[in-house]
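J.: The primary structure of each chain is shown beneath.
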Amino acid sequence: MKNIENTGTSLLHPTRQLKRRYRAEKWFQRMGLLAIVLALSFIAFLFFTIFSDGYTAFTQTYIELDVHFAPEVFSQEKLARANYPGLVKGSMRSLFPGVTSRREKKQLYSLISPSAAYRLQELVEADPKIIGTTKKVWVLADDDVDMLMKGKIDRKQDESARRIRDNQLTWIDKLIADGRLEKRFNWTFFTSGDSREPELAGILGAVKGSFLTLLITLSLSFPIGVASAVYLEEFAPENKWTDLIEININNLAAVPSIIFGLLGLAIFINFWGLPRSTPVVGGLVLTLMTLPTIIIAGRASLKSVPPSIREAALGVGASKMQTVTHHVLPLALPGMLTGTIIGMAQALGETAPLLMIGMVAFIVDIPGGITDPSAVLPVQIFLWADSPERAFTEKTAAAIMILLIFLVAMNSFAVFLRKKFEIKW
Amino acid sequence: MKVKSILVAGALTLAMTAPAMAARDYISIVGSSTVYPFATVVAEQFGKTTGSKTPKIESTGSGGGFKLFCGGVGVNYPDITNASRAIKASEMKTCADNGVKDIVEVKIGYDGIVLANSKKVAPLQLTRKDIFLALAKEVPDPKNPGKIIANPYKTWKEINSALPNTKIEVLGPPPTSGTRDAFVELVMDTGAEEFDVIKNLKSTDKARFKKVSQTVREDGAFIEAGENDNLIVQKLEANPNSLGIFGFSYLDQNADKIQGSIIEGQAPTFEAIAEGTYPVSRPLFFYVKKAHVDVIPGMKGYLAEFASKKAWGEDGYLADKGMIPMPAAERENYSDVVASLKTMDMN
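Respectively, the protein sequence lines represent chains A and B.
Add 852 to a position in the first sequence, counting from 1, and you land on the number used in the numbering used here.
Add 690 to a position in the second sequence, counting from 1, and you land on the number used in the numbering used here.
Be aware that one or more of the hints could be misleading.
[As the list claims (entries may be wrong)] Which stretches of chain B does chain A cover? Using the computed rule of at least three CB atoms under 8 Å from a CB of chain A, they are:
1. 725–731
2. 737–745
3. 942–953
[Stated by the list, open to error] List of simulated lysine-lysine pairs, DSS-like, C-alpha gap at most 30 Å:
4. A/K958 x B/K1011
5. B/K738 x A/K958
6. B/K738 x A/K930
7. B/K827 x B/K896
8. A/K1002 x B/K810
9. B/K778 x B/K901
10. A/K1008 x B/K925
11. A/K1004 x B/K947
12. B/K1000 x A/K941
13. B/K694 x A/K1060
[Unchecked claim] For the chain B half of the interface with chain A, some residues (derived, Cβ under 8 Å), not all of them:
14. R714
15. Y716
16. E734
17. E748
18. N766
19. N918
20. D919
21. N920
22. S939
Treat the hints as calculated values from the structure; they're not laboratory data.
The beta-carbon is built from N, C-alpha and C at its ideal position, and this holds for glycine as well.
Just chain A, same shape as in the assembly (with noise of 0.2 Å):
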């Protein structure tokens, strides 16, 4: 009673020691959440940067041409041999007939894309019965036009820093005054392969070289990491050796990724003699990165599983054999598929290992197989973001956001399951 009363304190009301550890604790609370919020912004900031420079690539400009497929221009029997961008160049010159220098012309004539051409002969072949007629078709506009429509060339400047000049400009906004210049949604950013010509550009052929790599990565690493996992932690003794083990696998998921792409060079084609840029090659160095994360993931999910599961597998008259593969891997099985598709997702962004077996590379079409030469999405956005052409900007922009949502998927799913499939010892 007599300390109460020295000391001034009463239940009602906190001393100042006591205010003091309230406001500390405030504080930190607030640090913690000032952590977060700022970590959010961060991903915040990078997620509406790339947005806003990639969100128009998914529109792309088309330029309507009245083609006339004079009879004499297929004169040889090979239609492909005709002459199409003569075809493209004649309707230009028949749209704007006052144009007459040669100068001038070749100004008219960058306006329409080049693939302008590959359009006509895919229409002349489709159907032969064309020849002869006159015909309404919507053909690519060139990259700079697009990006002029985008806004991403700016008219007020002066033409010689321009690459659009004064008369193309004019001759645009005819085009878009006659209704024969629009902007539709760019179905060939999904549809084809990369391209020198930015409005051709598509991330196909890198997107199905990711999918088959990850096949091969997946198919391979899978099975191999689960059984290294059973084994180091059900069946392994306890000595230096498995001691070793587990150091060096422990170490392994620390190595730099583009130590695997030299080894992968080394063995898989110089001693092996696979492929360079092909997804196998690809598919086998990035097996060798997931295989520690899948390892030392499986690992701890076999580890989490009770051992009374196992003592009444062995009670009931199960083998050895039969307590792990009917009773404790299937249990541990959420926690293992969770940590594969973590690895996959990291195998998925990965570039620096694909460096060294080749796979970064121009390739045009679209990979058939897993011994066919291909690119991954990561290496395109490197390849495209290397590029001088303005178009390509937005281009890369666009190719990170569908990576990113991949990315997002898959570590979502992971998460999904892991919430499913949790059991609550």
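Chain A is fixed; fit chain B onto it per the hints.
T.: Relative to chain A, chain B alone:
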């Protein structure tokens, strides 16, 4: 049972996607990152117009390309290597040692190297002598021209009073780049020889001469900005006092943001480089293994496409991409080399 069916389904999927590993049916090209934008356009044109498989082109750098190319003859080795400089004697020896004996050298055009800065400031009027003094590791002492000391210059005005009083900051390619090799040869060597003390070294101590004229300073004024030229353009915009070294095609594509410095009175324009009046231009090449030409399908077609007028001619599509075409006589000569597959003299 379920596990078994999943395994079988997985094996079938893999089997469907894995055709027999036949001999390579596409052309494999490696080499210079400067020639890469031009070679890829030709490859795509070739693939689209003939229906053959589009050649696969890797951007490894001129040096890296020669290393892979000279590895040997066979489907495991590249067929063609692009280069932004001629093959060195040491590389020819490596090729010969590994059995690569019949090489066809083809010049495809020229590329200008520019020293560019942001359009927000005035373009610089430089001479090669100024650039040497700005970027070399060792320069003649300004107070005692007979001695060579470590580079003391920190601002452009210290080198030449007509230049602005800004800090020397130049972003350039790393030592693995052919652009760097070409820049050192065309600008630094020539600038260095304007000083008598260094010129005299050429006859007395060749190794020292090479070291003084070709070593770039490492004290922070020259920043190695990697191979990503788009990044250099962005950095130039952010810091108007800095300069960047890259190829003419990047200047051409970004003419609204950057401008080239005027070197010895010549601005880097298409015409000036084509005529040879702009001093910093270098030839671009590719090298072909003659042994592969009949084995890999499409090689003759690709070479013919590259050597055609519509590709490398004055109004060709490569000129549209920023490559400076060769004069007509040289083009004729190299067309003949391609048509006849005339091999280089390996000595």
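J.: Among all the numbered hints in the text so far, which are the ones the structure does not match?
T.: Of the numbered hints given earlier, the structure breaks none, since each of them holds.
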